[in-house]
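J.: Quick mapping for you: the protein sequence lines, in order, are chains W and G. Per the working numbering, the very first residue in the first sequence carries number 1; after that it's consecutive. Per the working numbering, the very first residue in the second sequence carries number 1; after that it's consecutive.
Rather than coming from a laboratory, the hints here were simulated on the basis of the structure. C-beta atoms are modelled at their ideal positions from N, C-alpha and C, and glycine is treated no differently. Be aware that one or more of the hints could be misleading.
With a straight-line cut-off of 30 Å between C-alpha atoms, the simulated DSSO-like cross-links for lysine-lysine are [claimed, not checked]:
no. : chain 1 : residue 1 : chain 2 : residue 2
1   : G       : K262      : W       : K154
2   : W       : K201      : G       : K58
3   : W       : K35       : W       : K48
4   : G       : K58       : W       : K238
Computed footprint of chain W on chain G; a stretch qualifies when at least three of its residues, placed anywhere within it, have a C-beta under 8 Å from a C-beta of chain W [unchecked claim]:
no. : region
5   : 13-24
6   : 70-80
7   : 97-109
8   : 172-183
In case you want the letters, here they are:
Protein chains: 2
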Amino acid sequence: MISSISNQQLKEITKLQKQPKYRRASSLFIAEGFKMVKEAAEKGCLVKTYISELVLGKKQESLEWLLKEFPYETVSGQVFRQLSDTVTTQGILGVVKQPSYNIKDILDDKKHIWLMLDDIRDPGNLGTIMRTAEGAGLSAVIMGKGTADLFNPKTVRSTMGSIFRMPFIYVDDITEIIKQIKDNGYSVYGTAMAGSIAYDKADYTKGAGIVIGNEANGIQERVLECITGSIHIPMDGKLESLNAAVAAAVVMYEAARQRRGKIIR
Amino acid sequence: MISSISNQQLKEITKLQKQPKYRRASSLFIAEGFKMVKEAAEKGCLVKTYISELVLGKKQESLEWLLKEFPYETVSGQVFRQLSDTVTTQGILGVVKQPSYNIKDILDDKKHIWLMLDDIRDPGNLGTIMRTAEGAGLSAVIMGKGTADLFNPKTVRSTMGSIFRMPFIYVDDITEIIKQIKDNGYSVYGTAMAGSIAYDKADYTKGAGIVIGNEANGIQERVLECITGSIHIPMDGKLESLNAAVAAAVVMYEAARQRRGKIIR
Numbered sequence: 001m002i003s004s005i006s007n008q009q010l011k012e013i014t015k016l017q018k019q020p021k022y023r024r025a026s027s028l029f030i031a032e033g034f035k036m037v038k039e040a041a042e043k044g045c046l047v048k049t050y051i052s053e054l055v056l057g058k059k060q061e062s063l064e065w066l067l068k069e070f071p072y073e074t075v076s077g078q079v080f081r082q083l084s085d086t087v088t089t090q091g092i093l094g095v096v097k098q099p100s101y102n103i104k105d106i107l108d109d110k111k112h113i114w115l116m117l118d119d120i121r122d123p124g125n126l127g128t129i130m131r132t133a134e135g136a137g138l139s140a141v142i143m144g145k146g147t148a149d150l151f152n153p154k155t156v157r158s159t160m161g162s163i164f165r166m167p168f169i170y171v172d173d174i175t176e177i178i179k180q181i182k183d184n185g186y187s188v189y190g191t192a193m194a195g196s197i198a199y200d201k202a203d204y205t206k207g208a209g210i211v212i213g214n215e216a217n218g219i220q221e222r223v224l225e226c227i228t229g230s231i232h233i234p235m236d237g238k239l240e241s242l243n244a245a246v247a248a249a250v251v252m253y254e255a256a257r258q259r260r261g262k263i264i265r
Numbered sequence: 001m002i003s004s005i006s007n008q009q010l011k012e013i014t015k016l017q018k019q020p021k022y023r024r025a026s027s028l029f030i031a032e033g034f035k036m037v038k039e040a041a042e043k044g045c046l047v048k049t050y051i052s053e054l055v056l057g058k059k060q061e062s063l064e065w066l067l068k069e070f071p072y073e074t075v076s077g078q079v080f081r082q083l084s085d086t087v088t089t090q091g092i093l094g095v096v097k098q099p100s101y102n103i104k105d106i107l108d109d110k111k112h113i114w115l116m117l118d119d120i121r122d123p124g125n126l127g128t129i130m131r132t133a134e135g136a137g138l139s140a141v142i143m144g145k146g147t148a149d150l151f152n153p154k155t156v157r158s159t160m161g162s163i164f165r166m167p168f169i170y171v172d173d174i175t176e177i178i179k180q181i182k183d184n185g186y187s188v189y190g191t192a193m194a195g196s197i198a199y200d201k202a203d204y205t206k207g208a209g210i211v212i213g214n215e216a217n218g219i220q221e222r223v224l225e226c227i228t229g230s231i232h233i234p235m236d237g238k239l240e241s242l243n244a245a246v247a248a249a250v251v252m253y254e255a256a257r258q259r260r261g262k263i264i265r
């Protein structure tokens with residue numbers, strides 16, 4: 001049993017929690033909690049489980065399977081609490097391989113509806129957007145370079161498991177992908193304060209790309225220049241903007257609403 | 001100039017930031033940042049401004065008005081940073097009176113569309129919901145007893161000023177309000193995992209109440225029993241639920257979409 005936080009393996013975990021560069025270099029990340037570790041295992045991404053002695057004592061059916069099939073280490077209760085990134089820990093975390101997808105598969109997806117994030121900075125927003133994208137039935141989430149790190153512990157947590165189910169990709173230049181989607185025959189709409197049409201007047205039934213911009217500055221000028229058209233979400237009162245995850249949700253669910261029962265594949 | 005964090009006034013501010021009970025007893029709260037303090041002033045809720053010496057140096061037109069019209073104290077730069085609840089402070093905060101509304105005005109509102117929160121616990125979700133409710137043009141946000149404290153610094157921040165513009169009320173028993181809204185002739189829909197109709201099949205054009213439940217457990221049984229009907233948000237993939245602020249946004253914006261151009265007042 002590991003009973004010191006300065007154990008080499010635990011130091012590794014802390015690095016994976018705190019250092020984006022180290023996550024990128026190793027292509028690993030940390031997933032906390034039962035459901036997340038189980039999903040990682042089912043997806044074939046689980047490398048190793050770390051479990052608190054306090055949890056190991058309580059027999060659980062799904063846990064038995066996990067510990068039989070994958071390598072694990074036991075950690076003392078006190079040390080696990082120090083290790084955990086959450087306030088109330090479930091006493092289990094996994095070192096997990098980052099899922100990866102290729103752009104060809106993503107663009108070939110039959111649902112042909114893509115969310116593109118141009119510089120979303122808030123880790124919680126990003127996780128919530130991934131979660132909503134799964135619910136709204138999107139093909140993939142395509143992220144421009146400035147976008148937050150999906151493998152940040154806070155982001156991982158707020159995806160509620162969508163990180164293992166929703167295809168995603170980081171791209172160097174989002175305008176290249178927008179051009180490809182347009183060349184493939186789909187419209188690409190970007191949300192903007194003064195978008196020329198209301199978001200619900202755009203047609204998503206034949207497939208589409210949806211671009212959401214940065215929380216404070218919206219979509220970059222160079223990205224706006226290459227989209228099919230801009231859309232706005234009507235706002236009452238004196239509000240300047242909606243939360244980015246909310247704006248993404250409103251547009252994705254309008255697309256889903258239009259497409260229910262009339263998707264052309 | 002105040003140059004010690006143990007100054008009595010600053011202790012008071014810290015109590016207002018950290019103690020929900022103290023906020024309730026005093027009917028005060030702390031609003032941080034230029035826009036928020038300005039909104040508080042315009043709304044007639046500002047009691048006193050605290051400003052960092054570093055900000056006072058930089059002349060700003062809107063700041064001059066604020067400092068001429070309302071009492072203020074200067075705080076040393078270092079102490080202000082300790083005082084601030086944010087990572088990158090703007091160097092200004094206000095002690096602010098809590099806005100208050102009465103249930104009669106709320107139920108008489110001409111837009112006649114109300115959001116009811118049954119036990120939303122996450123402060124960030126609550127703030128985002130207030131912000132979206134303003135954007136979607138709701139009458140008010142009505143909160144049941146277990147709902148998070150709107151005057152928590154994190155919640156205040158995530159309302160982005162809606163806390164000064166969006167009517168709201170805490171009620172002891174949300175079922176009483178639901179009954180009143182129904183007695184006044186409006187339907188009340190509650191989001192549930194197995195809601196009987198899709199959220200976009202409900203009719204919001206004649207006015208309606210919308211109930212959103214707790215993040216983990218949904219709407220309480222006793223609340224479900226008194227609503228007109230339950231609605232669900234269709235979900236693709238293996239997702240168990242949407243984030244509560246996202247679910248609220250999707251339903252509120254569907255109501256707004258239906259009502260644009262055909263609101264019956």
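J.: Determine for every hint whether it applies to the structure shown.
T.: To see whether the hints hold, each was checked on the structure:
no.	hint	verdict
1	K262/G to K154/W	42 Å, violated
2	K201/W to K58/G	45 Å, violated
3	K35/W to K48/W	15 Å, holds
4	K58/G to K238/W	27 Å, holds
5	13-24	violated (count 0)
6	70-80	violated (count 0)
7	97-109	violated (count 0)
8	172-183	violated (count 0)
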